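S.K.: Chains as they are written, first to last, in the numbering used here: chain Z, 25 to 601; chain A, 25 to 601.
It is worth saying that the hints were derived from the structure and are not from the lab.
Only a predicted model underlies this, so the values are computations on that prediction, with no experimental measurement involved.
Some hints could be false.
[Unchecked claim] Examples of chain Z residues lying across from chain A (beta carbon under 10 Å, computed): (1) T40; (2) T41; (3) T150; (4) P273; (5) Y314; (6) L424; (7) A532; (8) K558; (9) Q583.
Even glycine gets a Cβ: it sits at the ideal position worked out from N, Cα and C.
Protein chains: 2
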Amino acid sequence: MFIRLFPAWRWLKDYTTADMQNDTIAGIVFTIMVVPQSLAYAMLAGLPAITGLYASVLPSVLYSLFGTSQTLAVGPVALTSVMTASAVLPFAVSGTDQYTTIAILLAFLSGIMLLVLSILQLGFLTNLLSHPVISGFISASAILIILGQIKHLLGIQAHGNTLIPLLNSLYVHIKSTNIVTFLLSIISIASLFLMKHYFAIILGRLGFSEKMVQLFDKSGPILVLVFTTLMVANLSLDNMGVSIIGDVPSTIPKLNIDAIHINILEKLLPSAFLVSIVGFVGSVSVAQTYAAKYRQDIDPNQELMGLGLANIGSALCGAFPVTGGLSRTVLNVDSGAKSPMTGIISAVFILLTLFFLTPLFFYLPTAILSVIISVSMVRLISLQDFCNLWYFSKREAILLLITFFVVLVEGMETGLIVGVTLSLLFFLWHASHPHIAIVGRFPGIEHFRGIQRFTAETNTHILTVRIDESLFFANARVLEDRLKTIVFQNADIKHLILMCTAVNMIDASAIQSLEKIVNHLADSSIKVHLSEVKGSVMDKLEKSILPGILTGEIFLTQQKAIQTLEKTFNNTPETIK
Amino acid sequence: MFIRLFPAWRWLKDYTTADMQNDTIAGIVFTIMVVPQSLAYAMLAGLPAITGLYASVLPSVLYSLFGTSQTLAVGPVALTSVMTASAVLPFAVSGTDQYTTIAILLAFLSGIMLLVLSILQLGFLTNLLSHPVISGFISASAILIILGQIKHLLGIQAHGNTLIPLLNSLYVHIKSTNIVTFLLSIISIASLFLMKHYFAIILGRLGFSEKMVQLFDKSGPILVLVFTTLMVANLSLDNMGVSIIGDVPSTIPKLNIDAIHINILEKLLPSAFLVSIVGFVGSVSVAQTYAAKYRQDIDPNQELMGLGLANIGSALCGAFPVTGGLSRTVLNVDSGAKSPMTGIISAVFILLTLFFLTPLFFYLPTAILSVIISVSMVRLISLQDFCNLWYFSKREAILLLITFFVVLVEGMETGLIVGVTLSLLFFLWHASHPHIAIVGRFPGIEHFRGIQRFTAETNTHILTVRIDESLFFANARVLEDRLKTIVFQNADIKHLILMCTAVNMIDASAIQSLEKIVNHLADSSIKVHLSEVKGSVMDKLEKSILPGILTGEIFLTQQKAIQTLEKTFNNTPETIK
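Make the full structure from the sequences, and use the hints.
M.R.: Rendered as structure tokens:
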């Protein structure tokens, strides 16, 4: 029970001084690496870049104490940041106090929702996001994010959240591109790409150890950041139109609850829900990937708790929604993190940075943050995924495409809602068109298979039908029609056996339909039997009127059903096909 | 193909003069019987009572030609009428031209939607209405309808669509009850109840033939209507405050498209959808009940077509949404209808009534129409249904209760939406918590069952797990967790067999999860095998990467899997439990 409420005890109880030394070094390295990303994602959320550091303090500590992953790093993440921007923009102008307040409120609401989901054990709701929907959503969001950064890369004004307005706005303003900003961006992008591919090789040639190479390989962003900041400061590029971060506010923004109308709160709820769900699903999938690698266990309901508290912590720090991110976690693991203690230690160092090092950010050019964002987004656009799906299932590939285009054209939230709704409709369509197979016996053995695919023995008077779906409201009426048709096509039958191996559930609507079928067939002197009914379904049947009105029997096995019924006829089974 | 487009040909091609004679008599009888109901339901829809006759002309003809039921009677029906009222009221005041125009528009939109559903073969969407939701919806709607009629029964002014405002409004106005109207109502209700129970017996004693008795038994409403109209006319009760129909407009109302803003149209779409779905489900279930009785066939997609055209026809007649109704159909069958021709003939007679007999309706007291509505609604309130469900499944009974109360308190549309959403969530919850059984072999026979319920042979090194659910996005991640736990609890296993008898479908999300499971278990030197995979699922598997990465084999039967794998060990199976 104690472990359930405070899972950190699992690793804290065996924590040694040696662990502490390792984690302190990892924590310092991680802090240096993660600062550019945190600043960038705050900008992506439409907030002052420095808020990204606020969002990296308390959330990281709270997740370390209440989450279950040993390596997940929690803080600002690209997807939730851009979703924050699109959720807050309808209510406030970026840069205003109102905007900050609503972003804080969003983090708070999102935290409360995650906690509620955890307490009500409703984590299963996140299963609604199927693979095609997530894949289409991420690719399209990455494209939207990159398009949204182009204005910073060019040093122009542009606006819009979706494809058409963004392209239109960029087209209108592209003439006023600031050449210095543009050159700075180009050089930075080129450096990042070159460093990504050749830095490790160069470092290796220079004689660095493999561990150091692996570490510095990820330091491209921070190097570019330091280098360009120095360049701007020394060449006074800010006087030539390069946008810089400038003065950092000396107080932490607060949730100014007076500024919020109740109807804004109400309208923010759907966005908060989507941010929570998307953040949670992304975070858990990263956590599980690493848990599988290091043989650890992730408890999704406890994760909801950890991420919920992290978001409330973020709101208390005056920041925006956070979650566990892939790129943060990669940095964390590469820094040498072995326990959640790195999360706590890095929080301390980020706090120190906030206290003493913010003046160093004065000349940091915002274009470089956009470069870091854009470069990290490129790898999220996956065409491979679509091609694999297309081969596996056209239906799911089309679902991916629709989600992709709706996100691009109508925005992230609409795209997600459309994708989830279509997944559900596709699934319902499938469940309401159940596969119904006429089955026969494999010669010699006690195995029954569909006669369409296998050569099997059948009997002219006994028809066995296997229903390949749970029987519930979505297909109850369809079942009636299909069974009537099958019986109509097989004029000689006297016994219909419904083989229920694949019936996993039955509800009141299906009982009603079975009742109608039994009565309907009784008029034609056809007896209805059931076989291989699962225990849980049998429990339900016994509580219904069906056993009372069933014209036939309920057999434990299909073999027994056939043996019993064949005795009532003299003819031998005939092999068809 | 011709039959598909014009299903009336099925019965028209064999139609004889004798049939025509029978159907003409049935048509006349039906017309007389159905007039009171049609007037009453128009009033329920908030429209002049006479519109109920308009709605009984073209819709009836169109359904007879394009529907598939031989006996279904299409026209105004209580549920769709009251849904019409609640859909139109937010946009206009009852009695105004604007109100009529929007009601006509609703019928038109509803018709178009039914046609679209038919063309896209989306009839399965109507399966969304599960038995508990329909049951709760109908009971609560009946109560709301009766409460809504009380003002007419008492001759007072009152308003409101849902329980609290209705009761409140009645409480406020009850003091101004018109005594004459109230007495007229009480006498009519008593007459109807007495006639329902004793009229047949009296007629029998008077020596009428059984067929005539059955026919006149249903004539209570028309007799009460004629009697009270004469009473009002002769005693001038209208001067004593009894509300009467009065003058009937001489022109048919038209769809005045100029009076409609595009945003009304947009806001009307959800209501039109719900009216269509509820109307269609109700209609098809009545049609199927009679089809089963008379060995006929109903094609749901063609029904969508027939009802869609009927609603467009209703809009053209200047009336409101129509559908196939139970009480209309009962009257039709009792009148002796044998083919859809009665629908066409009764349309002709109703048209004649409209041309020549409307002055007879002048003194018809509106309270009597409310009496007819209220009495016919009482039998729709079913407590029995709830009790049966409570015994069968608490979960579904609670779903019924929730739908019931939400309809009462928040209105019909909200109630329906909440009910359907909860059905889907319950189903998703079930699908995302799949039952996973460890199975063993029945001693001596080739049958495998869950070891929790049955005594069965298992092997310490070979674990067989039967997954009782389709594998898809809603449970893919849950499956991972559950299988890991099961393997963790069974330390000695070397082979995990996933028995797929109950897996009816597999999607890309599930393939991803299986891949992770296989890789995870490979690290612990456990091989994963599949057995009894269905043909359709096998097709999907072959298109995926799974066969390539699977550490074990795919066996046709579970028996073969066990035999093959047991050979690799020397130990004999052990019997547990």
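S.K.: In ascending order, which of the hints set out earlier in this document are inconsistent with the structure?
M.R.: As far as the earlier hints go, 1, 2, 4 and 5 are violated by this structure, in ascending order.
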